[in-house]
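Colleague: So the chains spell out like this:
Protein chains: 2
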Amino acid sequence: MAFPLITRQLALSLQKNVWLGASGCRYVSKTATKTQVEFDYNGPSMKTSVPGPRSQELTKQLGDIQNVGAVNFFCNYEESRGNYLVDVDGNRMLDLYTQISSIPIGYNHPALLKLMTNPNNLSTFVNRPALGILPPENFPDKLTESLLSVAPSGMTRVQTMACGSCSNENAFKSMFIWYKNKERGHSTPSDEDLRTSVINQAPGCPDLSILSFMGSFHGRTMGCLATTHSKAIHKLDVPTFDWPIAPFPRLQYPLEEFSRENAQEESRCLEEVEDLIVKWRQKGKPVAGIVVEPIQAEGGDNHASPDFFRSLRNICRKHGCAFHVDEVQTGGGTTGKFWAHEHWGVDDPADIVSFSKKLLTGGYFQKDELQPDKAYRIFNTWMGDPAKNLFLAEVLNVIRRENLLEEVTRSGKALLNGLYELQAQYSGILSRARGQGTFCAIDICDDETRNRILLKTRDKGVILGGCGDRSIRFRPALIFKEYHAHIFLNIFNDVLAQLK
Amino acid sequence: MAFPLITRQLALSLQKNVWLGASGCRYVSKTATKTQVEFDYNGPSMKTSVPGPRSQELTKQLGDIQNVGAVNFFCNYEESRGNYLVDVDGNRMLDLYTQISSIPIGYNHPALLKLMTNPNNLSTFVNRPALGILPPENFPDKLTESLLSVAPSGMTRVQTMACGSCSNENAFKSMFIWYKNKERGHSTPSDEDLRTSVINQAPGCPDLSILSFMGSFHGRTMGCLATTHSKAIHKLDVPTFDWPIAPFPRLQYPLEEFSRENAQEESRCLEEVEDLIVKWRQKGKPVAGIVVEPIQAEGGDNHASPDFFRSLRNICRKHGCAFHVDEVQTGGGTTGKFWAHEHWGVDDPADIVSFSKKLLTGGYFQKDELQPDKAYRIFNTWMGDPAKNLFLAEVLNVIRRENLLEEVTRSGKALLNGLYELQAQYSGILSRARGQGTFCAIDICDDETRNRILLKTRDKGVILGGCGDRSIRFRPALIFKEYHAHIFLNIFNDVLAQLK
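Chains D and E, in that order, are what the protein sequence lines are.
Start counting the first sequence at 1018; every next residue gets the next number (the numbering used here).
Start counting the second sequence at 1018; every next residue gets the next number (the numbering used here).
Check before you lean on any hint, since a few could be wrong.
Selected chain E positions facing chain D (in silico; Cβ < 7 Å) [stated by the list, open to error]: (1) Asn1089; (2) Pro1152; (3) Pro1153; (4) Lys1197; (5) His1203; (6) Ser1204; (7) Ser1207; (8) Asp1208; (9) Leu1211; (10) Cys1462.
Listed below are the simulated BS3-like cross-link pairs for lysine-lysine, each with C-alpha atoms no more than 30 Å apart in a straight line [said to hold, decoys possible]: (11) D:Lys1302 / E:Lys1296; (12) E:Lys1300 / E:Lys1159; (13) E:Lys1384 / D:Lys1300; (14) E:Lys1354 / D:Lys1302; (15) D:Lys1300 / E:Lys1473; (16) D:Lys1248 / E:Lys1354; (17) D:Lys1473 / D:Lys1248.
Derived, one-sided and incomplete: chain D residues facing chain E with beta-carbon distance under 7 Å [said to hold, decoys possible]: (18) Gln1078; (19) Val1103; (20) Met1133; (21) Val1167; (22) Lys1190; (23) Val1215; (24) Gly1221; (25) Ala1249; (26) Cys1286; (27) Gln1388.
Keep in mind that the hints were calculated from the coordinates and are not lab data.
Beta carbons: idealized from backbone N, C-alpha and C, even for Gly.
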């Protein structure tokens, strides 16, 4: 495990070489680079187009076992470092997609490798407990040290789960249970409730609903999927619930230039939300909760203002619905704050906040009253994985020690300003550059051009992801620095220049 | 990490001491013990009643963060070994419940610890990939070495998932997609399908159903939960689907003594299954698939004959439904065969077989035609966890090397014969002893006595679990030997003698 660690000085000098050597380079940094990633590579290095021959061979092999239609290429995770993903053909790419936004501090971070070699941690990996019945001794401490240290305002309770979908499913269940208990006035079900619930009938299984937004993505298990409305391919052929779907604001960017128009658009959507709540109550399917992403990610990086979310929160209070903020993709620091909802500037942002991806474990925070008072209502065999809590605690240490939220704000600014400049230069191709921290996106003139750009950029050593109909989303790790933004922008510029 | 490994000889002699010293001992082994677990402890050792003071303190602490109503006690996983779980108060208990049947080869198995110290494996733990798009180089090989080496008859395709519920949810989705494509005659959705699916409407989101059985347990996310009918507390207050629920045979035990009565009961249930398929088709909610456990576990260890399952398989063929066998609890060797469905003796047991728990990773095997032909229909960020495949491959090596399926058959026989004897002796308390391999259960006269027995047995150093209304289920690890069965039976005998 000998890592060729690049020193700060060496990295800086190598960096400059790559930088100035890039063709069409316009992004020479004006300020001195503040921080380098010590265990990072010095730039992309491409040996083949992607997927290369070895990836193609492995894809064929895996194709005998699984559907491989979504496989991009095969990776050499041992050789990947920091912001760079290395593939099995020896290509080294700057990664602005990070496994669908789920690698918090880059590949093979020394702090995480060190944790693995600590013999005191072995047992946590080898003996996966049924956390809900037989937790390990250090479980309360580890939760306090990891998740509770980043608990959203007003929340002291957290439940871990295995993945994002399980987190949202169980958050929905908590909201249903809370709503029914509120309706009952107490938490003791009737005999009829008990009897009918087992056979899928009311009143035990009531006709409650969750209100979600067009363009949203909350997961793919059947409860979550009923609130997901980003792409048809996710939902096609799967039975679902008749739950209300509100329009999500379709804003104009840059937000500050269209504040009047955007405020009108948001009002329209909020009115629709209230109408739907009333309509579904009349239908006999009352809205127990509203679920929303602070930025719709999979659906195309759709933003809304803090005002919009504050109003939504108030609508929930007014109509007695729970408010569930899904931070599976936005959480973990990538917007420049640990939670995207912190940008709203409110003390009581939500009743439930769910997470996964960069947090490494799934789960959700909740207010006291949302936690069911009886055992086994929210339960499964594993209820998460303490090994992931170990990693998360270390990730949070690194974030604090290296001031990564500040870094994200700084590199995010470099990234977004670069996108604004490119958008001005290539106005026939690019539009709607937007973002918060490094959680940025830009629209491409059409789907086909978008996909062509993604492939060409990858062949030049940068991994990006698509979202929505024709957007590119940027989801680098928290150790992505200004100079990484510049490397990307230079390459992106080259690709766009060749397209023009 | 110095483990006080007990040698075979020492263990044997210590074992004999414990054995003969137990009060009311009747289970002195008549044959020489064939195999010892080398890294095991020599017997239970109790210092406090359970939960002890330290567990109580930690439960209080965790209670500020989560609902702790289901917490039994806190564990010292570092000190746990083989068949013995050690708690934070220094109590060492023989574990016949194994984290709800999810520890395949005991605690801290040396083979798994060794795997953790291999530097080649570090990267797999530290860099969790988005498996569906960017798999690691060794992924096809690891699948072949682990899961495919135990693929059910007729299946060469496997999809990993994070947990049992996700496995079943995605298996259901595969069956819905397969059914709709069959109905279409091709796999290309119409524009109307695409448009309506995003807004939760037919025909894009069709009114299909999954037929399940009373008493079944298939998980707690909302799709799974619609097929779970074991206990009200799992389902209460959660909206669900109007899907058909068939009666599961309620057999008399021992099965061989009641073959005529049981065959009648099974016929009755099978008729009902066919009636429901017809009825739901007429209702406009055709049954796309049937899901069943080979032994209903959570629901009370309810068995059915190989004939019953073969007939069910044929009913599926006749009515064009997919057949999904849920082996989340029964899979992994505990019935004496790797899959419980192998006891049916058929070449084409199912269209889908799902797993989790003892397999360490969730997932499902499927026949070729059940795999959707388009990308992103079955997908999520993680799609499982390659670190779990590493462990599984090693677990399978140990199972083969140590002939653990034979051992399970042998120790299961000792366990079940002991239960038969105790049932004859305590006929007012015990009834319906039943089992396959070590996957055994026995009924107690009433729920309250059952729970009293569970606590008393635990205080004497044996961990058991309940299931159904008043059953005790036995779910030891695959390294549970005849002499462990005898240790348990002696203690159980003591508890029953004191109850009488």
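Colleague: What are the numbers of the hints that this structure violates, sorted from low to high?
Modeller: 5, 6, 7, 8, 10, 12, 13, 14, 15, 16, 19, 21, 26
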